[in-house]
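Novice: Take a look at the letters that make up each chain.
Protein chains: 4
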Amino acid sequence: MKNTFGNNVSVTLFGESHGEAIGAVVDGLPAGISVDEDFIAHQLDLRRPVGKISTPRQEKDAFKILSGVFNGRTTGTPVCIVIPNENTKSKDYSSSYGKARPGHADYTAFIKYKGYEDYRGGGHFSGRVTAGLVAAGAIAVDMLKNKNIYIGTHIKKCAGVNDVDFSDYVSDIEKLSRKAFAVLDDEKGARMISQIEKAASEGNSVGGVLETVVSGVPAGVGEPWFDSFESVLSHALFSIPGIKGVEFGAGFDCADMLGSEMNDSFVFEKETVKTLSNNNGGINGGITNGMPVLFKCAVKPTPSISKEQATVDFIKGENTVLGVKDRHDPCIVHRARVVVDSVTALVLCDLLSQKFGADWFGE
Amino acid sequence: MKNTFGNNVSVTLFGESHGEAIGAVVDGLPAGISVDEDFIAHQLDLRRPVGKISTPRQEKDAFKILSGVFNGRTTGTPVCIVIPNENTKSKDYSSSYGKARPGHADYTAFIKYKGYEDYRGGGHFSGRVTAGLVAAGAIAVDMLKNKNIYIGTHIKKCAGVNDVDFSDYVSDIEKLSRKAFAVLDDEKGARMISQIEKAASEGNSVGGVLETVVSGVPAGVGEPWFDSFESVLSHALFSIPGIKGVEFGAGFDCADMLGSEMNDSFVFEKETVKTLSNNNGGINGGITNGMPVLFKCAVKPTPSISKEQATVDFIKGENTVLGVKDRHDPCIVHRARVVVDSVTALVLCDLLSQKFGADWFGE
Amino acid sequence: MKNTFGNNVSVTLFGESHGEAIGAVVDGLPAGISVDEDFIAHQLDLRRPVGKISTPRQEKDAFKILSGVFNGRTTGTPVCIVIPNENTKSKDYSSSYGKARPGHADYTAFIKYKGYEDYRGGGHFSGRVTAGLVAAGAIAVDMLKNKNIYIGTHIKKCAGVNDVDFSDYVSDIEKLSRKAFAVLDDEKGARMISQIEKAASEGNSVGGVLETVVSGVPAGVGEPWFDSFESVLSHALFSIPGIKGVEFGAGFDCADMLGSEMNDSFVFEKETVKTLSNNNGGINGGITNGMPVLFKCAVKPTPSISKEQATVDFIKGENTVLGVKDRHDPCIVHRARVVVDSVTALVLCDLLSQKFGADWFGE
Amino acid sequence: MKNTFGNNVSVTLFGESHGEAIGAVVDGLPAGISVDEDFIAHQLDLRRPVGKISTPRQEKDAFKILSGVFNGRTTGTPVCIVIPNENTKSKDYSSSYGKARPGHADYTAFIKYKGYEDYRGGGHFSGRVTAGLVAAGAIAVDMLKNKNIYIGTHIKKCAGVNDVDFSDYVSDIEKLSRKAFAVLDDEKGARMISQIEKAASEGNSVGGVLETVVSGVPAGVGEPWFDSFESVLSHALFSIPGIKGVEFGAGFDCADMLGSEMNDSFVFEKETVKTLSNNNGGINGGITNGMPVLFKCAVKPTPSISKEQATVDFIKGENTVLGVKDRHDPCIVHRARVVVDSVTALVLCDLLSQKFGADWFGE
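Protein chains in written order, with the working numbering: chain A, 1 to 363; chain B, 1 to 363; chain C, 1 to 363; chain D, 1 to 363.
Treat the hints as calculated values from the structure; they're not laboratory data.
The reader is advised that the hints may include incorrect statements.
The calculated label-pair distances, taken between Cβ atoms and stated as ranges, are [what the hints assert, rightly or not]:
id, chain 1, residue 1, chain 2, residue 2, range
1, C, N146, B, G115, 15 to 23 Å
2, B, A190, A, A310, 38 to 46 Å
3, C, D45, B, G115, 30 to 38 Å
4, B, K198, A, G323, 50 to 58 Å
5, B, G115, C, K64, 21 to 29 Å
With a straight-line Cα cutoff of 30 Å, these simulated DSBU-like cross-link-like pairs (lysine-lysine) come out [stated by the list, open to error]:
id, chain 1, residue 1, chain 2, residue 2
6, A, K274, B, K99
7, A, K179, A, K99
8, A, K316, A, K99
9, C, K325, D, K274
10, B, K114, A, K274
Don't be surprised by glycine CBs; every beta carbon is placed ideally from N, CA and C.
Just chain A, same shape as in the assembly (with noise of 0.2 Å):
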């Protein structure tokens, strides 16, 4: 289903970065929620540009619910909400069309469509378009809110510096969640973006990993194979632009540990039962187990550079030169933090509604 994920709670993406507009329709949402527009703009803005580090277009954002809420909830129908594009300099683009953007889809999508691809800054393939999943998600990580279950993701490592580990979940992730740049500790953060206006400064552009955690979710979430809540939680965040890597808990490090070393024990906590490490995320047989899920999510940097790079022009049929010249991000990893966050309460949200049903959200 291309552009549409979730079976119960459901979300579909359009719109190309320098169209009209973009925007996202969530469907199976449960009546009666109530959808707070501060909340949505608040995630909105951390999706957003910050600085030098960011590219300098400015967009405001400025979202419009146009179906799905009355009187300030969910209505259980669909919510469709658009953002309209404003800053767009399409005539940025247009002569540059043919040269494909090494790391960018401009040369699959060109393949793809036959050149009927909207190649304006990307088109569809642009990042901009995680803004709907932003709007979207923030209804749902809202949801979750009113179950005490709290997602929050920091940026564990980006252009070679490392932030520390998550200390105390549920208070890292309120912390995390009024931080633009999200690092636990600040001043590896500081180093991090000095890093990154460096390499910006050089023209290049850098990667790095987010670590999520999400606290609260109960014991039997999930399917056996192929809804496993890794699989189903990898498809989501595979689809988002950058992220060429995902791992759940110990994830590669698995590969040097003994099963002595890698099995989480389980242990009574009075009526609870816990395990005393979490290397499996806390998901066993795709199932959670009622510990933290922990994941990783690999960002690459960025693919557009000022550096010039060889390439084709695949209109010509001619290898060429390619500097990308206009508006770009030299990092997207703090830009796709609350990006990661939104589908994870997306698909939560979904597998919940599947355990429980509905009706369980308003309850």
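Dock chains B, C and D against the given chain A, drawing on the hints supplied.
Specialist: Chains B, C and D only, in chain A's frame:
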């Protein structure tokens, strides 16, 4: 869809480790595809335990095709493949019910299914169910060969020992297809096996990393956003028990690269567009670019170990200790590789059918 | 999804008339539902040929549950039911391949599957495949009874003879559940049977209309637009071979009614909202209103008749004539009714699971 | 998938009668299809109220395409079409909340959405939402014409008056496409209109039957069992508000036919296989046989009538009476026909894409 995956070509899994049978239904295969039962048996053999480094449970995997094949060819209607369970020692399991094996789905299945789960040998969560995936996938692997698309997976790393890198994809894939222990360098393989045996002798287990290449995938396969090639493939890969990480191309290493290093420059080689490097794993914007598709999976150490571990008895409601004494594998990395190949083939057939129509494979 | 239907509760069909076996995989059933094999056998008996008015092909329908049931109860994982084909006279069919039986799928299967279809006895298009639906549906019918939801279908009309109307739904459903030839008035049934025998003796066949009632469906089930109760149910009903029309409540008669006649006035009966009439068949805006759900299905006369008919030989590429001499039914209306009940039960379980969550049935 | 329908080509609906806007997102359209805004406007005009026999609410239906179209052609990515609501008199509705209009979704929406539904003018259940379907369908209708597939619907019966039968499908379809009141014989149409006006003057409403033909559908489209042509199309048709019956070919009349009458004999006309009659509506075994597809839909009389009716006030919890005084149609049959054409076109594009691949339409 819990146990069904795919749109135009889909697979449905069923069965439990100690029930009557396990199996799969594959739907949407084009009519007229030749079904080679010997090749299915060969692929099932690759999944089966090998020598001392695997479980002593030996199943003949005598599969039976119940439907969808007529005169040796697919009819275009659902292919149901059933693999009876023969070597089931159910009495091994009943007495230990309630003692949650750490790292296994025993506890989460209990929570989800409220005590009605078939707990014998992991039930529906058993790796044995992957035999159905492998049988189904064998038909898909064969179909792809007719279109010059080849899939191969080697053990990149196991028990701390690294294999060499791919040198020539097509010939390497050919070699791997005949090996029970899929390494490119058999000397490295011997060292891995010796390390696995060592862990086994200590009542422990080891993990590893599988690396896969798919050569011959045409450019233009996959969709933007939710049906990105990475999204759909990772969804299927994370369905395989024990997979805790998936990365494409440079994967997590991209976090430490500059944009100028990560980007794959395009270049015309005669009429064909190629890339000079392949850090994006053959995928840009979720769509294949015509280069080989490259990805890696992290496989955790088998959770069943005979070493004693702390855990809970969720029936008695108390803490306890457990050493898994019954038949199990000290390593599943080498067995998982044919499962990876199988789901990759099924996903590819689905995405290719969406693009080219169901009849394309028969042309 | 060709041979799979349903979201939260789904069924996958497989098999051909003269292959090894036919069967079904039901996924998404809650855990802990008691599975009554006698009741499955009873429902399969209702689908089987009766006396002179049916095909002499007699199958014992000795089904086998391969998975998903443990200690007599569902485990919550896929239930695969297989029904071996025993009484297959394949040699009957091979020589006539190419002669398209009018009204059958012989020609369309040939076009779709390009000559690779299993043509023996209709192959995958055979009514025999409905045995899988009935076996799967039997579990669903039983589940619904636990929630006081009852489904019953009678032969409203057959061979020009009308049955009487429902008088008391619950007791009528009870009576019908024990009848091989499902009429409310057995005298009418006797006349129908005599008309069927007359048609059979002339080498001909007859059709009819089935009328179904579902009592006890809670208000609020179904979705607006594409998952309207009528949409989902008609989708499943039109999957049954031979069904050419589906109508809810007054159905086609509403074309001749005034709004004031068609509208069902609401009224409080104590605390409960009822309607004074039920021309909308218990559904308003695609959502159940708490009244019994009422619908009718038109079943065409069996296309297999021994009378000679003009047709083509699509292999020889010429016009020809054909009388179907082999085993066939002069009427399938009475056999189709349990298939209608079965798909209705499966659809209801799916929609109820979406609304209330998978665990609701076990509560 | 509540408000999303289709696999390879899908449509998602959103909006409420008195909200900001209604609209649709169409995904999976091939790239390069020319989008004729005038034709979309023309189709929307056909759906709009006509003269005295329709509601005085007049909407300009000034649609806006937000995405997926570039330089007048589809890009292959989602097309979002938004139609703002302008002529909304919301104050009409608030005071009457709780009084369930018989035959409408007021009560079922209240039960399902627990009082959070947008109750103004039927909210999401309003026929107004079909404008989104029609706009989306217009693109599909146009795509099909490029492949010589034509869809036409006439008012077979309305208010007790019958139209004549189709004589020549292609020219009849052409004529109907330009008529606001779609009858083949305008004299019959005049009598229908006069009967509608009579009912309106008495505060009442009338229903009817729509008959549709699709010419040019290639043989081999549709799937066995759950994606039978009838299944998928009826699913979409029953989504249209007011449709209470769907029948293919002879439909319910088949109940009174003998097999020898119902069966459509095949015959070669030169190289092409045809049938001598078309009682099966161009479909055998769920798959098209190359003959025109024929079906009928029963449309109930508009439930909104000014005549007083008994009903409940579900807020006050009491019985009451209601005459719907606000703007409404005494008949929607003539307006529904373009909605039927639209969903038929969307379903056909989906099924054809599954068979031939997404690129087929562009060839």
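Novice: Going back to the hint list, which numbers does this structure go against?
Specialist: 7
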